[in-house]
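Enquirer: Sequence:
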Amino acid sequence: MSTLLDGGLGSVERFFGSRFVIAVLLPLALVGAVSAPVVLTLSGRSFDAVLDAWHRHGTLGQAVIALAGLLSLAVAGYLLSFFQLPALRLLEGYWSPAGPLAALGRRRTEHHRRLAADGWRQVAADPAAHSGLAVRLQTDYPPRSRLAAGCLPTAFGNRLRAAEYYPLERYGVDTAVIWPRLHPLLPEECRTRLADARSALDCVASLVVLAAAFGTLWPVLLVLDGGRFGPAAWCLLGWPAAWVGYRVLLQVAVSYGQEIKVAVDLHRRALLKHLELDSAAPDLAAERVLWDALAQFYLRNLPFEVPPLPSPAA
1 MSTLLDGGLG SVERFFGSRF VIAVLLPLAL VGAVSAPVVL TLSGRSFDAV
51 LDAWHRHGTL GQAVIALAGL LSLAVAGYLL SFFQLPALRL LEGYWSPAGP
101 LAALGRRRTE HHRRLAADGW RQVAADPAAH SGLAVRLQTD YPPRSRLAAG
151 CLPTAFGNRL RAAEYYPLER YGVDTAVIWP RLHPLLPEEC RTRLADARSA
201 LDCVASLVVL AAAFGTLWPV LLVLDGGRFG PAAWCLLGWP AAWVGYRVLL
251 QVAVSYGQEI KVAVDLHRRA LLKHLELDSA APDLAAERVL WDALAQFYLR
301 NLPFEVPPLP SPAA
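Position 92 (the sequence shown) corresponds to 92 in the working numbering; numbering is contiguous.
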């Protein structure tokens, strides 16, 4: 099954859109600002020396330096945006079965599968006492019927999987196939809410990845540069920051998934109306058959025929 995050930044949006600013430039600027003292340490220059050098330049020189800095940030952000989708897929847990994370992926997948199964057993034993647990399981994991094949090795991936499976379980809508065709037909307010939720998700994910990179790259360089163990130890705080960011990312993923669910609940039939197939699905049972037929037509190029309506009861 594909992921709801397959849509990366478009070419224009990548460089000019608000999503680029929120999801790429802001995290990059924040981590860059935190990295500035490390760069000064590695270069052997003090902040006062840099400030004096800045003041020695005239207004025009300062403007040129500032413009060069902004352009460098924009170019770095543009290059970083190409790695955003692969980083998201890594966080989701779409790891190669033959790659270095294969064994870890199998263990973590089994761990999450076991946690979900144990939780559902508790709910089955006493539904009233564990109603909150049931709600949490529905947002944190794929449905019970999909745990065997649909579980992923990360909590982030499983929260998005729960949102991906929701339309399929409720209405027979395969989001990997139908969502790209439904999204342009959504009302403006709905698309805005989805875009805001996706921007928030991308922003936090970028912070997580950059914080982890900060906690890995700078300590190594500081230790190699004359054994600067004190500053290197401080830079290791990037990893706790990445962990906190990941916990926030899980909540943001649930919010994004909720927007997907609401959009499908309220507006899925807009695509049927646009295709002039609305009359072929007068009830939910007929709608499920129709969505499956459309998915097979779009995904596998199978011949499409409008499913016959059930004959009225005598």
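Think of the hints as simulated: they come from the structure by calculation, not from any bench. Check before you lean on any hint, since a few could be wrong.
As the list claims (entries may be wrong) - Between beta-carbon pairs, the in silico distance windows are:
hint: 1; residue 1: S46; residue 2: A103; range: 45 to 55 Å
hint: 2; residue 1: A49; residue 2: G230; range: 17 to 27 Å
hint: 3; residue 1: P184; residue 2: F304; range: 12 to 22 Å
Since the structure is predicted, the reported quantities are computational estimates derived from the model, not experimental observations. Idealized CB from N, CA, C, for every residue including glycine.
Enquirer: Against each hint, give a clear statement of whether it holds in the structure.
Expert: Comparing the hints with the structure gives:
1. S46 to A103: 45 to 55 Å: holds, 47 Å
2. A49 to G230: 17 to 27 Å: The hinted range 17 to 27 Å holds for A49 and G230, with Cβ atoms some 20 Å apart.
3. P184 to F304: 12 to 22 Å: holds, 20 Å
Checked against the numbered hints listed earlier, the structure breaks none of them; every hint is satisfied.
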